[in-house]
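Novice: Put together the whole structure using the sequences plus the hints.
Listed in order, the protein sequences are those of chains A and B. According to the numbering used here, the first sequence is numbered sequentially starting from 10. According to the numbering used here, the second sequence is numbered sequentially starting from 10.
Any given hint might turn out to be false.
Pairs involving identical chains hold if they fit within one copy or between any two copies, as the list cannot separate such chains.
Stated by the list, open to error - No farther apart than 30 angstroms at their CA atoms in a straight line, the calculated lysine-lysine pairs in the DSSO-like style are these: (1) LYS78 x LYS209; (2) LYS379 x LYS190; (3) LYS286 x LYS101; (4) LYS390 x LYS190; (5) LYS381 x LYS190; (6) LYS381 x LYS357; (7) LYS190 x LYS394; (8) LYS215 x LYS357; (9) LYS394 x LYS137; (10) LYS357 x LYS137; (11) LYS357 x LYS190; (12) LYS379 x LYS293.
Just so you know, these hints were derived from the structure itself, not from any lab.
2 protein chains.
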Amino acid sequence: MPKKSFFKPKSPLIFIIFFAFLFILTLYFTLFNTPFHNSSTNDVLGSVRVEKNGNFGKVRIFMYDLPRKFTYGVVESYAKARGGVKEGEEGKYPGNQHMGEWHLFRDLNRVSDERGGSAVVRVMDPEKADLFYVPFFSSLSLVANPIRPGDPEGGRSVVDYSDEEMQEELVQWLEEQIYWKRNNGWDHVFICQDPNALYKVVDRVKNGILLVSDFGRLSRTQASLVKDVILPYAHRINTYNGEVGIEDRNTLLFFMGQRFRKEGGKVRDMLFKVLEKEKDVLVKHGTQSRESRREATRGMHTSKFCLHPAGDTPSACRLFDAIVSLCIPVIVSDYIELPFEDVIDYRKIAVFVDTKTAIKPGYLVLLLRKVKPDRILNFQKELRKVKRYFDYDDPDGTVNEIWRQVSLKLPLVKLMINRDNRLVLRNLPEPDCSCLCSNQSGIHTTL
Amino acid sequence: MPKKSFFKPKSPLIFIIFFAFLFILTLYFTLFNTPFHNSSTNDVLGSVRVEKNGNFGKVRIFMYDLPRKFTYGVVESYAKARGGVKEGEEGKYPGNQHMGEWHLFRDLNRVSDERGGSAVVRVMDPEKADLFYVPFFSSLSLVANPIRPGDPEGGRSVVDYSDEEMQEELVQWLEEQIYWKRNNGWDHVFICQDPNALYKVVDRVKNGILLVSDFGRLSRTQASLVKDVILPYAHRINTYNGEVGIEDRNTLLFFMGQRFRKEGGKVRDMLFKVLEKEKDVLVKHGTQSRESRREATRGMHTSKFCLHPAGDTPSACRLFDAIVSLCIPVIVSDYIELPFEDVIDYRKIAVFVDTKTAIKPGYLVLLLRKVKPDRILNFQKELRKVKRYFDYDDPDGTVNEIWRQVSLKLPLVKLMINRDNRLVLRNLPEPDCSCLCSNQSGIHTTL
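Specialist: If you want it as structure tokens, here you go:
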């Protein structure tokens, strides 16, 4: 009588069924992330779901399938203007400091299984999207065509490729999309990592979330810390993989780069003047080349501090080269904005000095020489902790953090969409801006 | 040989152990919310954990144990100034439209088991806190002392209680706290729901997240949509619990309240003039009293539309009374900011008309009379969906949503803290503000 034995008390089968049931139930709650407590904030009206974990709580992003000329087409134009595509390198994005656009594009093109750690999930149906990503390679487009008239390879391509036309055509294309028109662009994401990228059309796309390097060429109504995301440059010199320590770092302060720049970068020449005669300081004028990258790598890996003065705009790739070199950045750039500053306390990994103080003869070297070895080691340890945020190739590095930052903007995006749609005519005395204003006093140095 | 039988293949015990193991493992992942995928964004430097669910991902809030006079003491002073505490009502916060401060205080005082659905978890150790809540009853304090000189009960208490002194003493107390000094107040949360609450000290606490009704009495550098949270007033008339429908709603448009107000409220007299002679419109001058609340309840429960003109400031309790009455709000208040606008699309539950258009004779009634019954039903259905957001007593209502809104501010709070601490002296041409600027064109009406 098997039936009877099945219901026999203490039968192991009952335990099996019981535990199997418990297991399935728990698995259900885990996988579908159903909260045990009632917290159904998600039922109505295009709700924001950023507060939740798991797929169902992730921000959903739709990547536009742009006409090919805006993505791979730019890569091809770039190669063509430089003597054609080498065999085996078709569609290969050229390495450069503004290549975040490539990393984000490639990331969203990965299969979803590989994107488990990301804060955004790609959806193929725009109806289901919270945000829309426009993957135009705007930074590469800016330099696709060598602009130097004397460039031996530039002649033909000047005719073929115009970045300004590309920008214009991109916006024309967008303005025909229903999802662009629907919310005035508030829910669109653009990458323009080169400070000049998209310069011609930025006023028409400014409602979107802009992924930028700094605000040097952008006005206050075009971009801000509140609406946009500051990206790190892709570092161009090799990561330092050795141990923390000062034994092999005999140079106190290192800088290599262009001495003469415009605007904020004028400080460079002044810094050269006060630094170039100091022993244990290495400052060198140099332009971009494979050889100078090698030399910079050597310099940054064997120095305790690395100088980061402003360039034409407040930011530059050098800062991120220093970070991955565990060379403590000395930032002399009063208006710099820094990537991911909600999760990174830069005072722990860098030294800030205001420009006016930094150019006082003798001040900077004296300040740095006084830093005790223990303190240097602490800086290096902190640098090592945050290094992954500056590595676009790390599976849990820059790319994931950029998407997390983007996903945090969603509540404000939804707010602005809803609010804009119901605003009535008003007699406004000034622009309608919501601001976050910071403490205006500043310090001479964080050291 | 029991041992042998234990390892016998196909023994049910093996299944029991296997499933029990799986169950425990899954339970572990569920309870401790350990992600299956690697997404450890939380390991360094005071990271923000809002993107995660579960206790470990919730924003941690510390509620100051303020001197008693700032909480229950205010309630007692209020009662004393009105003839003393009635028996059995000791410590009972008096019902009023600004009683959000009481609901938040009470909520954080609940045991953590009852707060499972909340976006914030209360911590008793300030070292573990992301945010600090200052539970001063600032709105009740403002009215604790009847200010009318002729008030028969006011005489004695004028001497006893001074709201201005209380505000001053609160800030003095705060300024001695290490957690206040540590981050310049950026991570502190204040409630000042009455537009005049904290008016004397708001400049000294403006870095904090302010929980307010509107920005009518606050300057752009004191408060904004980006930094602060707009709260709904606590509704003062009863919720309508009947079905959606227009059969029992014969009045087209209802308004009851003070006809004459200052500033933005001047529109009221003009609206009275264009509306008071319309049949099927009921506009009545009336001040706060139990009787007029009863009358307003009747009116709002039997009207299709409820007028919401600006008062002295852009917001008023009446809007929220209308919402819980399923009476479609007609908002004539050009500068109003609305609670929780990231999750609520107010065009679905209310009609917006700009002031200039609304006071044109005949315009408003004509507009509303043209709305078809189906459309009215749709508005009512949407109102019912969002009603809980305006109910402070709903276990998943206003209180939970306020904390969710507060928790969303944390990334910007952390950003401002880190950024402020490293800013060097700059030659700023204007205040250092990050802004979100909205489309400045507006429409005449959303209908």
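Novice: Confirm or reject each hint.
Specialist: Right, here's what the structure says about each hint:
no.	hint	result
1	LYS78 x LYS209	within (18 angstroms within a copy, 60 angstroms between copies)
2	LYS379 x LYS190	between (58 angstroms within a copy, 28 angstroms between copies)
3	LYS286 x LYS101	neither (44 angstroms within a copy, 75 angstroms between copies)
4	LYS390 x LYS190	between (48 angstroms within a copy, 28 angstroms between copies)
5	LYS381 x LYS190	between (58 angstroms within a copy, 28 angstroms between copies)
6	LYS381 x LYS357	within (15 angstroms within a copy, 63 angstroms between copies)
7	LYS190 x LYS394	between (43 angstroms within a copy, 27 angstroms between copies)
8	LYS215 x LYS357	between (33 angstroms within a copy, 27 angstroms between copies)
9	LYS394 x LYS137	between (37 angstroms within a copy, 21 angstroms between copies)
10	LYS357 x LYS137	between (41 angstroms within a copy, 20 angstroms between copies)
11	LYS357 x LYS190	between (44 angstroms within a copy, 20 angstroms between copies)
12	LYS379 x LYS293	within (24 angstroms within a copy, 76 angstroms between copies)
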